[in-house]
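Undergrad: The residues making up each chain are set out below.
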Amino acid sequence: MTQQGITHNTASLQEASAKDKRWSKLKKYWYLVTLIVPAITIGSVLMAVQTGYGQWLWALAVVFWVVIPIVDFVFDEDPYNPTDEEQAQLLENSSYYKNILYAATVLQWVGLFAMTYAAVLGDFSWFNIVGAFLSVGAMHAVGLTMSHELGHKLNDKTQVIFAQVCSAVSGYAHFNIEHNKGHHKDVATPDDPASSRMGENIYKFAIRELPGAAKRGWTLEAERLKRQGRSVFSLHNELIQTSLITVAGYGAMVLLFGVEALPFLLLTAAYGWFQLTMANYIEHYGLMRQVGENGRFERCQPKHSWNTNFKASNLLTLHLQRHSDHHAHPTRPYQLLRDYADAPSLPQGYPAMMGMSLIPNAWRRIMDHRVVEWAEGDMTRVNMDPAHKDELFAKYHRAAEVAVDTSDSEGKAAAA
Amino acid sequence: MMAKYQCPDCGYIYDEHYGCEREGYNAGTLWSELPEDFPCPDCFVRDKPDFEKISEG
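Here the protein sequences come in this chain order: A and B.
No gaps in the numbering here: position 109 of the first sequence is 109 in my numbering, and each next residue is one more.
Position in the second sequence (from 1) plus 1000 gives the number in my numbering.
Extracted from the complex, chain B is given alone in its bound form (with noise of 0.2 Å):
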């Protein structure tokens, strides 16, 4: 069971168990490994600190 967290702007959901390859990160990439200045790789207008938890490690 990985961790989910949801940008609050344009509801994009980041799954540790996907990644998200498109921008470069592997699935099971953790949400700590992501850079601080990762923004939403949807809207581009939210960063790392303004995501939400949504779902427990």
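Chain A on its own, in the form it takes in the complex (with noise of 0.2 Å):
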């Protein structure tokens, strides 16, 4: 028996070196840099509006995209996996850990309604407020991590009530139910919406997944609703409950700021959830669980997600990174969760490949190969794009024995 996949799997894990013993100790401070985000968002704003360089709102931006980029370079990978002992340590204490996301859900808040004040009252160049537009879709995507995480503790009143706060910022209201019973079912089969297939750039993956995924948590709640015997379009409903929180705190910054807020407001909020579109595009592309005999999808593995481990991008997504052991164990929490060393993995942390996937050219050339690699050259085995997979299916199935077997025979003429 696990409680939550906590006992097991120690022999895969790396012994702990004093050294790493330092890091995780300090850690637990480090995981404070979930309630900087916001904090910057407020901090630039007052900057701003204090010096009225509106050069300030682009901070978090450039935070996200090159800051932590770059420390991730420096910083490199994170080889701390906590051991049995430090686990039920963690555990003990998951209070605190708790406490950050509920500080920063509220902060969140803030950080919205004042970059609202300062890109509709403020008098700042239109620059300036693209960066304001770019800093809160950075704030929105650490939001939804936060919310994601909240989320999954569907045993915890406080944090269930806490993920719908804070989805509600970037006005995300299904995310928590479709992710928990649609994406995590489905995850790494050609049935989910928010699975990436190899040879799908992120722009038509987002027209498929951004409503797909509406739909899917629309339909999951219906059903649990008409199982109870309600409406759908009752207060029960939890997509209606966290909309409404949306239209309090949007009216409000409306009624506060001027009509100027809604514009502003709807624009980051889509941009935050192309944020999270961006994440789920990089964390399963091309990879397919298979079909067993009993005809169903084999169960969601290890090698089933994309990885990344650095330092800095591991604090920032809540070990989002290490997105095998999340999937494997979707209940644990963020300060639990370990790096599988034998796992698919990405070549830099979350915010630079989410990056690259904004090049479609480049995404392919980084990933197709590993993808391939992954799948050890038999193509049968991979997600595809139906409209690619002729041409992926010519290009890589089985193309090293092909090699091989050509050398061969050519060996073969040549020696003849």
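FYI, nobody ran anything at the bench for these hints, they're computed from the structure.
Hints are supplied without guarantee of correctness; some may be wrong.
[Stated by the list, open to error] Okay, the calculated bits of chain B under chain A, using three or more residues with CB under 8 Å as the criterion: (1) 1009-1022; (2) 1031-1043.
[As the list claims (entries may be wrong)] Calculated cross-link-like contacts (lysine-lysine; reagent style DSS-like; alpha-carbon spacing at most 30 Å): (3) A:28 / A:215; (4) B:1053 / A:157; (5) A:215 / A:27; (6) B:1053 / A:395; (7) A:28 / B:1004; (8) A:204 / A:98; (9) B:1048 / A:185; (10) B:1048 / A:25; (11) A:226 / A:25; (12) A:215 / A:226; (13) A:395 / A:204; (14) A:185 / B:1004; (15) A:389 / B:1004; (16) A:21 / A:204; (17) A:19 / A:311; (18) B:1053 / A:226; (19) B:1004 / B:1048; (20) A:389 / B:1048; (21) A:28 / A:157; (22) B:1048 / A:28; (23) A:157 / A:204; (24) A:215 / B:1004; (25) A:303 / A:27.
[Claimed, not checked] If you anchor each label on the Cβ, the simulated ranges turn out as follows: (26) B:1028 / A:156: 21 to 27 Å; (27) A:204 / B:1035: 46 to 52 Å; (28) A:127 / B:1036: 56 to 62 Å; (29) B:1054 / A:370: 51 to 57 Å; (30) B:1036 / A:389: 31 to 37 Å; (31) A:226 / B:1053: 17 to 23 Å; (32) A:19 / B:1036: 32 to 38 Å; (33) A:96 / B:1036: 21 to 27 Å; (34) B:1037 / A:233: 23 to 29 Å.
Just so you know, these numbers come straight off a predicted model, no measurement behind them.
Even glycine gets a Cβ: it sits at the ideal position worked out from N, Cα and C.
Take the two lone chains and join them into the complex the hints point to.
TA: Structural data, given as structure tokens:
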């Protein structure tokens, strides 16, 4: 019997060195970076208003897209996995880790109010309003990561409520339901709108993922309410509850700052959703679970997620980058998630890879051969975009064997 | 006395006495009355056939 998978799999984990242990102790405080994200948003508004330099509004966008990838590059990977003993301790102190997320949720709302104020009432150039837009998008990305963490803890009402309040910041009401009940069930299969297919670029994926996930979330909630004998249009509908929090918050900002706040809020929310789309895009690209003899997809295993283990982005994403462990044990708290040495691995942290995904040619150059290697050249095992299936199959299927066969026959011909 | 079943991944316990109201399964709903595709209401990565019986009814 395992509780959240804590007591097994230790054999594959690395022994902690003294240096790792020091890092593990410090890491507890580094998790406060989750609070720093909205604090940067608030601080940048204060600085912009105080100094009149609107460039400050770019601060969080620059941190997300430039500083974190550089820090990842400099400080490299995070080798530390908690031992069994430390895992028990981390669980005992779980209120500390939860409180960070509760406080950060409140700060996310304050950050959105502050930046909307600056964008609408501040006398800043369009260039710096773009900075404000990108900074709020980056804040939403971290906010949805927090909401993701909280929303998995369905046995804890406080975390579930904060997940809704946190998803409401970017108006992404269906996220928690569709993610838990839909994505985790169908992940790495062609049925999942939130698992990207090899050959599918980020923009095509977004068109499939954004409406597909919303529809699945609504359907799943309708099914739950039907079992309860309630109308889907009731206040018991969690999508409606979360949407009402968004309407209240956004409505308050429209009242306070004027109707010009609305386009800024809606555009930044949509960009926040797209940031989540980017995360979904990179997490399972091309990976596919196989159908067993019973006609069902095999259970999701560590090999069905792309991982990356850089220190800074691990902290920023609440260990979401240790994605294999997350999918193996979705209710494991973020402070316990472990790196699997033999799981599929991305060359950079999530923020850098998300940026790379925006350039489809670069993404495919980096990733397609990794997917082929993962599938050991057997393209029947790959989740492929139907529009590119024939081309990918012709190019990669058993390509290594064909090359060996060809060189063999060439060798024989030469010998003859 | 009603039976209890536990999710082998996250430890969630389905107690027939309480059912799972939040997912629409009323108190007193027997394990046998749950649909075959009933997923664990906490982790959603284990289904009814994966659960282990931990207490007899």
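Undergrad: Hint by hint, say whether it matches the structure.
TA: Hints versus structure:
no. : hint                       : verdict
1   : 1009-1022                  : holds (count 6)
2   : 1031-1043                  : holds (count 4)
3   : A:28 / A:215               : violated (38 Å)
4   : B:1053 / A:157             : holds (26 Å)
5   : A:215 / A:27               : violated (39 Å)
6   : B:1053 / A:395             : violated (50 Å)
7   : A:28 / B:1004              : violated (37 Å)
8   : A:204 / A:98               : violated (36 Å)
9   : B:1048 / A:185             : holds (13 Å)
10  : B:1048 / A:25              : violated (39 Å)
11  : A:226 / A:25               : violated (47 Å)
12  : A:215 / A:226              : holds (16 Å)
13  : A:395 / A:204              : holds (22 Å)
14  : A:185 / B:1004             : holds (24 Å)
15  : A:389 / B:1004             : violated (47 Å)
16  : A:21 / A:204               : violated (44 Å)
17  : A:19 / A:311               : holds (14 Å)
18  : B:1053 / A:226             : holds (28 Å)
19  : B:1004 / B:1048            : holds (12 Å)
20  : A:389 / B:1048             : violated (35 Å)
21  : A:28 / A:157               : holds (24 Å)
22  : B:1048 / A:28              : violated (37 Å)
23  : A:157 / A:204              : violated (37 Å)
24  : A:215 / B:1004             : violated (34 Å)
25  : A:303 / A:27               : holds (27 Å)
26  : B:1028 / A:156: 21 to 27 Å : holds (25 Å)
27  : A:204 / B:1035: 46 to 52 Å : violated (35 Å)
28  : A:127 / B:1036: 56 to 62 Å : holds (58 Å)
29  : B:1054 / A:370: 51 to 57 Å : violated (42 Å)
30  : B:1036 / A:389: 31 to 37 Å : holds (33 Å)
31  : A:226 / B:1053: 17 to 23 Å : violated (28 Å)
32  : A:19 / B:1036: 32 to 38 Å  : violated (50 Å)
33  : A:96 / B:1036: 21 to 27 Å  : violated (41 Å)
34  : B:1037 / A:233: 23 to 29 Å : holds (26 Å)
Comparing the model with each numbered hint stated earlier shows that hints 3, 5, 6, 7, 8, 10, 11, 15, 16, 20, 22, 23, 24, 27, 29, 31, 32 and 33 do not hold.
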